Structures are given as structure tokens and as C-alpha cells.
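S.K.: Chains as they are written, first to last, in the working numbering: chain G, 1 to 382; chain W, 383 to 764.
Honestly, the hints are just simulated from the structure, not real lab data.
Computed footprint of chain W on chain G, listed as stretches where at least three residues anywhere in the stretch have a Cβ under 8 Å from a Cβ of chain W:
#, region
1, 137-149
2, 266-277
3, 292-302
Partial pick of chain W residues on the chain G-facing surface, computed with a CB cut under 10 Å:
#, residue
4, Y522
5, V650
6, S659
All values reported here derive from a predicted model rather than from experimental measurement.
Built from N, CA and C at the ideal position, the CB exists for glycine as well.
Protein chains: 2
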Amino acid sequence: MSPDNERRARVALSFLAQPGDLVLGAALRTRTASEVLALVAGADADGQAALADQVADRALESAIQRWRDRLGEVPTRARLAAWQEIGLRLVMPGDSEWPTQLDDLGDARPLLLWVRGTADLRFACLKSVSMVGSRAASGYGNHVAVEMAAVLAEHAVTVVSGGAYGIDASSHRGAMAADGVTVAVLAGGLEFGYPRGHEELFRAIAAHGVLVSECPPGRGPTRPGFLVRNRIIAALSRGIVVVEAALRSGALNSARHARELCRPVMAVPGPVTSEQSAGCHELIRDYGAMCVTCANDVLDHIGGSGGTGGTLRIGPAVPRDMLDPAALAVLEELPLRGGRGPASIAVRAGVDLDTALRCLGLLAAGGFAERCEAGWRARKTV
Amino acid sequence: MSPDNERRARVALSFLAQPGDLVLGAALRTRTASEVLALVAGADADGQAALADQVADRALESAIQRWRDRLGEVPTRARLAAWQEIGLRLVMPGDSEWPTQLDDLGDARPLLLWVRGTADLRFACLKSVSMVGSRAASGYGNHVAVEMAAVLAEHAVTVVSGGAYGIDASSHRGAMAADGVTVAVLAGGLEFGYPRGHEELFRAIAAHGVLVSECPPGRGPTRPGFLVRNRIIAALSRGIVVVEAALRSGALNSARHARELCRPVMAVPGPVTSEQSAGCHELIRDYGAMCVTCANDVLDHIGGSGGTGGTLRIGPAVPRDMLDPAALAVLEELPLRGGRGPASIAVRAGVDLDTALRCLGLLAAGGFAERCEAGWRARKTV
Numbered sequence: 001m002s003p004d005n006e007r008r009a010r011v012a013l014s015f016l017a018q019p020g021d022l023v024l025g026a027a028l029r030t031r032t033a034s035e036v037l038a039l040v041a042g043a044d045a046d047g048q049a050a051l052a053d054q055v056a057d058r059a060l061e062s063a064i065q066r067w068r069d070r071l072g073e074v075p076t077r078a079r080l081a082a083w084q085e086i087g088l089r090l091v092m093p094g095d096s097e098w099p100t101q102l103d104d105l106g107d108a109r110p111l112l113l114w115v116r117g118t119a120d121l122r123f124a125c126l127k128s129v130s131m132v133g134s135r136a137a138s139g140y141g142n143h144v145a146v147e148m149a150a151v152l153a154e155h156a157v158t159v160v161s162g163g164a165y166g167i168d169a170s171s172h173r174g175a176m177a178a179d180g181v182t183v184a185v186l187a188g189g190l191e192f193g194y195p196r197g198h199e200e201l202f203r204a205i206a207a208h209g210v211l212v213s214e215c216p217p218g219r220g221p222t223r224p225g226f227l228v229r230n231r232i233i234a235a236l237s238r239g240i241v242v243v244e245a246a247l248r249s250g251a252l253n254s255a256r257h258a259r260e261l262c263r264p265v266m267a268v269p270g271p272v273t274s275e276q277s278a279g280c281h282e283l284i285r286d287y288g289a290m291c292v293t294c295a296n297d298v299l300d301h302i303g304g305s306g307g308t309g310g311t312l313r314i315g316p317a318v319p320r321d322m323l324d325p326a327a328l329a330v331l332e333e334l335p336l337r338g339g340r341g342p343a344s345i346a347v348r349a350g351v352d353l354d355t356a357l358r359c360l361g362l363l364a365a366g367g368f369a370e371r372c373e374a375g376w377r378a379r380k381t382v
Numbered sequence: 383m384s385p386d387n388e389r390r391a392r393v394a395l396s397f398l399a400q401p402g403d404l405v406l407g408a409a410l411r412t413r414t415a416s417e418v419l420a421l422v423a424g425a426d427a428d429g430q431a432a433l434a435d436q437v438a439d440r441a442l443e444s445a446i447q448r449w450r451d452r453l454g455e456v457p458t459r460a461r462l463a464a465w466q467e468i469g470l471r472l473v474m475p476g477d478s479e480w481p482t483q484l485d486d487l488g489d490a491r492p493l494l495l496w497v498r499g500t501a502d503l504r505f506a507c508l509k510s511v512s513m514v515g516s517r518a519a520s521g522y523g524n525h526v527a528v529e530m531a532a533v534l535a536e537h538a539v540t541v542v543s544g545g546a547y548g549i550d551a552s553s554h555r556g557a558m559a560a561d562g563v564t565v566a567v568l569a570g571g572l573e574f575g576y577p578r579g580h581e582e583l584f585r586a587i588a589a590h591g592v593l594v595s596e597c598p599p600g601r602g603p604t605r606p607g608f609l610v611r612n613r614i615i616a617a618l619s620r621g622i623v624v625v626e627a628a629l630r631s632g633a634l635n636s637a638r639h640a641r642e643l644c645r646p647v648m649a650v651p652g653p654v655t656s657e658q659s660a661g662c663h664e665l666i667r668d669y670g671a672m673c674v675t676c677a678n679d680v681l682d683h684i685g686g687s688g689g690t691g692g693t694l695r696i697g698p699a700v701p702r703d704m705l706d707p708a709a710l711a712v713l714e715e716l717p718l719r720g721g722r723g724p725a726s727i728a729v730r731a732g733v734d735l736d737t738a739l740r741c742l743g744l745l746a747a748g749g750f751a752e753r754c755e756a757g758w759r760a761r762k763t764v
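Turn these sequences into a full structure, and let the hints steer you where they fit.
M.R.: Encoded structure:
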């Protein structure tokens, strides 16, 4: 079975099963995607009995029946190519852009991710924090989200959120205002991001970071889809901050996922007279969430640069090992003091200018490099 | 040595030593107050050597020398009587009004307390919470203090505070607004309460509860006196709530005393953009203070009525045992349902009306009785 076949099979399955389908996740522990797809596609009129013999698993058998009904939704190669032409790319387990911390989700690990944007998803999330909260945020909540995200971005921490109105949008905007990288994990497909009112925001995020979804591009978000999506927001980063949340807010669901994944759960307090802070206070009071009042508190909890918290859980122990040869060559040519222009770096590293620029973007997102007045330099802390 | 002599000796010592003097506290573990006073007063010109022989404790010897210099400050009997005539009373360890939880302070236990007001200090503090915070409180902080104190008062919880401007005053006022009992522990003497701007407030507190000080009546508060006073605020109640406090606020000192006394320390969160909440957030974040957003959270932590938290630490296991015969007789005549008027209660209990009213006040402060439309009834929860 060629890797290409396996990729195509995963894409097909992502159009058949719902995101986070645990039966499919369990099946993929012992079978390749191509094998599972063959079970779905392969049955003829008398296939029913044959299938039962083949899978010997009632849950899987019944799931396969369901998936079979949707085989018509699998897109043609031309359709897939068209999506790639409008800037969507597919990232799968094993790809260099795959964020390995998603493997912590076990059988609920996404089959694949659709990604759009200039940043490298894996590098962007190496040092990242998820910031979530109410759509109907208060002026206070939005203010705190913008400030916190901006300071995190100044510390080269990527801000992960859900692209929704309110706290999500303020978090993305705060990160971008400080020229940082931000990742929006959307519940619907990326062909048309949801909410539609955020078209401009999503365009900006694609320019400064990445948009991510496990949903097929054309599909709109569903109510359960938001909750399933939240596990990715929790799993991608080193910890989650609930900035503002009423009781029963969806943001608390993201916090629960983070707790289950052993990621630090943090909450920002607010006036006890504000319903929009009641969920945060509940997290602190009843669920042991850490009370954080500023970005520095957050950095303390996620172990900052050189810290220990979370470092071993996500990404490799020595992130430098993950760099491809071109990026390593570019990194070698970055001075620790002063700076060097991209053209000069490209010549010294023996790569063309486009490659140098791509590598510099990756290195910046990974915390290895930073822009300075004289061009680019290596960061000392990694 | 008669108890009267012992009382007089304690009063005299309270004019010689500073409040919370640990050397005096240690000396009173093995000597009576009269014996210590005799050591202070008894030496003649050659007394120096004799004293060293008698005490065999350098710290005590040097303290006695200091106290000797102040013997002139001990008031005459006439002066003491004058203070009692303006409504001040003395409460000492062993008295029925002495709050036994102050014994948790060990050698720092007050020698005695000056008390003014209609409530019985011991009964009032049986079920009590200390509320403290900034003098320069925000509108938010004052609002929260008033609300929280009022709801605590509605649950028959006495509010203990320090009588200062800001959160202290709002806490006292909230309790009184709900017809509750409140206790103000002042750092200066009660003859003229400090701050002077609170003359009216102190008059109201004396009518609804008690003013308390370990300082001699005529003495003004000193800067260290405020810090020493804070240990009493912490020790009197079942737990402390810091409503609003900047970093380095004196309220945090009270919280530290409470922690040392194993009383629950609670803090009210507020906007992270407010300096007046930074101390509260620090307590929650770094010192394990419990995040409380309303009076019900506080009731949960102090074990409310029928709860366990703190119940055994302060007051006897069966508070009913502490009632004097008249109060017990009155309690016997309180119905559980409906209610009964004071005159009828007095006749049934075989006491005069004044005694019945006094006892009803004590029983209410102790959580045994409550007012209702038809007069008075017994509370079921105790």
C-alpha cells in the first residue's frame, strides 16, 4: 500500500465519518486507512454477511454501514486539487507539519487537518497557549484578551483559539497586533470560514499564522462540531486560558478537554458581579484551575523558555532535531548578535531566496529565530 | 490570691506592656498576673540583683525593667470606674464573655479585652467571619463587601472587621443593614474610637454588636498596633475573607495571621485591571486562598450551620452547654414553628422581661434563636 494510497484513503474517510469518530480511531489502531476504506467500499449486494465475518466488531460493522451511505460525498481528485489551488493544504499524521501533541488524543486524534496560512502548524504550536472564552464577551474580557495575547506573542508564544466572536477574536487580534503567530481552529470547513463576519479576520490570520480544521472544506459547522473541535484547541497547546466565560459556556468544555489531556487549565478572574466571569471563578473555585492575572502568570505555568512545565509533553525534547536540512542550514547562518539580511543568509546557507524566506518563517514560528533591525538573528533561549 | 486581685493585676499589666507582648504571655504560663505585677512593682533600690535571682530569665528581667518605668500609667480605680460608666466593660480569660478561640493565639493571647456594645462578644463570635480589605476601596469592592456581609448576616453569621474606612466600614454596614450582629476590633482604645470620622458608625456598631480593643481606653492607635490588632480579627472568627486588597495591603497581614491559626483564608476576585484586587489575586494564586464570589461560597468554607469546617476549632462541641440557666430556660420556651412574643416567653421561662430580652439577644447571636413575624422561635439547625 503506497503512502499516496493511504493519504487518499484518509481523505475519503474524513468525508464519511464525523470528526472525532472513536470507532474509526479504534479501527485505525489495527488497520490502515486503505483497509478500512476497502471495507466500506468493497461490499456488493451479498456483502452484509461477508462484512460481519471480516470485522467481527459490531460497532465497526454498523459504522461501516453508515459510512457506506455517504460514499457519494467523497470528492473527486479535481475537487481536491481545486481546494489546494485556493490555498488549502492537507496535513496528516507523519507529515513534518503534523503537531505530534495531537497524538495525545488517542482514538479521538483527527484523521487529518485542513490548513491554510503562511505559518507551519507544527512549529507554530511548539510553544503555544490556547485562549478561549465567551462570544458575548464584556469590554473587560476583550481588553484582557487583547493585552494577554499581545504579551504572549511578544514572548514568541503562539496564541491558539477558535476564531469565534468575542474572546477568540480578541485573542487572535492581540497576538497579531504584537506581530505574533496565531492559530485559529475552526469547527467548519475552511473553504468558507465560520462566522462569515470574520472573513477579514481569517484573511489576516492566514497571513500571520494558520487556520485549521478537521472538517472537509465545504462543510458548515454543526453544534456538536464545536464541542468536538474544542479537543483540538486543548490538545494543540501547552495550556489553556479561559479569559471570560459564563456558567455553561462552551469555553468550559475546552477547559475540560485540557484537564483530561493534563494540560494546565488557567482562568482569568473578573468582577464577581459579572456573569461573564462566573465560569472562570467556578473553574478556579471548584476545578483547581490556576488563577492568572497577566501573560507572565501564564508563562510561569506553561514553563516559558527554559522552563520544565509541559516541555516534555509536546514536541520532541530537542526541537532542533525536527528541522529539515534547509532550515538547519539557514539557522547555522543566523548570527546571535546584530543581524543578517535574507539574501545574504540564502547565499551563505546555499539555498535560494524563497527557501531562505520559508525557512526563516518556520524558524521564527519555532522560536529559533527572530527579526531585528539588521535583518534576522538566532534566539538565544532555545 | 483572689480573682479580684488577679483582674486588677491584669488591668495594670495591660497599661505596662504592649498588646501581644510575647514575653509577658510566656511569663503568664507559669505565674499569675499578680505575681508578675509584684515583680514589676516590688523592687526597691537594691532590687536589681534580687529581680535577676527571682526571674532567672533575661528577656523577662529586661521587660520588667521597661514595665517598671510605666507604673505611673496604671489608672486609679476611679478612672477605671469612669470608663465603665461610659459603657466600657472588661472581658478577661475565664469570663463567660471571653471568646475561647482567642486561646489559639498562645502566648500572643490578649491579656484582656475592652468591650463596648449590646451584643455578647463570645456568642457573637461563635459563628462569625472576618471581612477585611483596603481603606481605599473601589466602588466595586465596597459594593461586594456590603452585599456579602448582608447575606452572611441573614444567615446569622456575625461579621468581624476592623472599623477602618473602606472595606471594613462597608462590611460592618452591610451586616447592620440586614439587622445582623457585627464586631469591630479597633487598634486604639475605645474611649475615642479611631478613625474619628467613624464616630457615628461606632455608635451604630455598639447598638448592633460590639466594639473590641485590647488597648487601654484613652490610648490612640499606633502603626505597629494595627498589625498586632490583626491577629485578633483573624483569631475571633471561623475564617477570613479579603474582599479587596492591593499588594502589600494590611489586609494581607490579617490573612497571614488566619493562615497561621489554620482558619480558612478566602479572597474575592476582581478585575485584573484593578490594583485594588491584586492582593486578592496574589492570595488565590500564590497562597492557596479560596476564591469566593458570594456569601454562599463563604458559608461553604466555614462549614455553615451543621457543617464541619471549623466547628470543632472554636467554641465547644456543644455550644448549648455554654448557655447560662436563664438563657437555657428562655430557649426551652421557644417554639420551633410559629413564634412567641418576649413577654409570653418571659412568663413561661420564669424570668423578668429585661432578662428575657437579653437572653433572646444572646440566643440570636449564638444561632439558637431567630426573630420571626410572630415574635421569636428556635433555630432548627443548632
